[in-house]
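Sequence order for the protein chains is A and B. Our numbering numbers the first residue of the first sequence as 1 and each following residue consecutively. Our numbering numbers the first residue of the second sequence as 1 and each following residue consecutively.
Quick caveat, the hints were computed from the structure, so don't treat them as lab data. Please read all numbers here as calculations on a predicted model, not as lab measurements. Worth double-checking, as some hints may not be accurate.
Cβ-to-Cβ under 7 Å is the rule here; a few derived chain B residues that face chain A [what the hints assert, rightly or not]:
1) Ala7
2) Ile125
3) Lys148
Using N, Cα and C, we set each Cβ at its ideal position, and we do this for glycine too.
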Amino acid sequence: MRAIGLSSYYVLVKEIASELRTRYALNALLMFVVTTLSVIVFSLGSEHVPYEIYCGTLWVIIFFSAMSGLSRTFVTEEERGTTLLLQLITSSNSVLLGKLFYNVILNFAITLITAIAYLILFNDFVVRTYSIFWLTLLLGSVGLASASTILAAIVAKANSKGTLFPVLAFPVLVPILLTAIKATILSVEGGMFNEAFPDFQVLISFTIVIIAVSFLLFDFVWKD
Amino acid sequence: MHYLFKAASAVIITFVIIAGIGIPMVQGNHGFFEFPFIPGLEEKARNIFFHVPIAWATTLAFIMSMIYGIQYLRKQDIEYDLRSVSSAGIGMILCVLATVTGAVWAKFNWGAFWNWDPREVSIFILLLIYGAYFVLRSAIDEDGKRAKLSSAYSIIAGITVPFFIFVMPRLMGGLHPGSAGDESGKGPVLELKMSGMMLVVFFSSLIGFTILYFWMYSVKLRANRIEHQLKSQE
């Protein structure tokens, strides 16, 4: 158990180090968020739209930024040809755990940046219950990242990686997206914290189930 | 054996079509060979003999596909992958049929072909999942790899299905029986006040469509086996 913890920590360190070397994923994702935000700002202009639209578009941005960024962890291994090395030096569970943590950190950072930009940019988007809002962002992005990690491992072995990932991920991620949008709407409406409790239950149970299945299946996907 | 399957499903489904459409509905007291008149559903209640059994056969097909996917991962035998993909293909056809019969029912009961009711969302997602499954299969050339990855995907997608069937309808209000607004609260299974004759037709329809599924599945499986053999001979 301790060995897995240590080796997955090193996988995480390796991911962060190779990311900081080029900063490709981080920069690309930031630019993606800025671009989509400005598209939304331009298209809305000075119109007043219902707050549900803001909650929906917030999660649209988070979803598509996850789709463009999170598959890279496994795709780059295939592109650089380093898959075999990782297979040799460490167990598949620690690879999955390390990459899972990396994706969670990356996705949560992007989610936070998007949410803060949202709160600053849109005057109509007023969150009344901040506890629901932040907890939804945390649980939603953890769920998105954990489901995307195992799907990224599948996509990395297929031929057309770029287009395939969102196609595969969308149906799996719909429960998270619908629940997260619902909880975000509740936070804007100013609902009580315990009103959002069923939504959090769905998000947490979904994430646990997905991570458990990831550990069961990853060995088959990772080793040729 | 195959003829038995074919004949049985043909006889039963013919009986269901004739009885389901032909038997009159009467208000008040009804005899055994008549259907009761259910307020709110009226003549549209006849669709239950087709929509629900097809939806059941869809579920069966996808569960079989997932089980054979798990079997493939355990035994690494390509036969299980052929079974899995055959069942998924039949499930896809049945799923489209369930969507169409449901949409027709929705048009006449709820006013529109598509209302984004939670149950309609879930069958739409089911279509997307298996659409993605076949896209994934077509994106991989090597047989073993394709079998492995597609069974892994069908398991991951399969575990999200309970969230749609049991969790989402409870959270979001909807029109379909079993939704959050439904006062009977019995869950996804329809609790209709069915009379004796209705139950006979309904259960023979369930049996008929189940046999139809197994027959279609065995035809598809044999075709896939031959295709696989021809490909490996090249």
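How the hints compare with the structure:
The interface hint given for alanine 7(B) is broken, as the beta carbon of that residue sits about 38 Å from the closest beta carbon of chain A, more than 7 Å. Residue-level restraint check for isoleucine 125(B) holds (minimum Cβ-Cβ distance to chain A is 5 Å; threshold 7 Å). Hint on lysine 148(B) holds. Least Cβ distance to chain A is approximately 5 Å, under the 7 Å limit.
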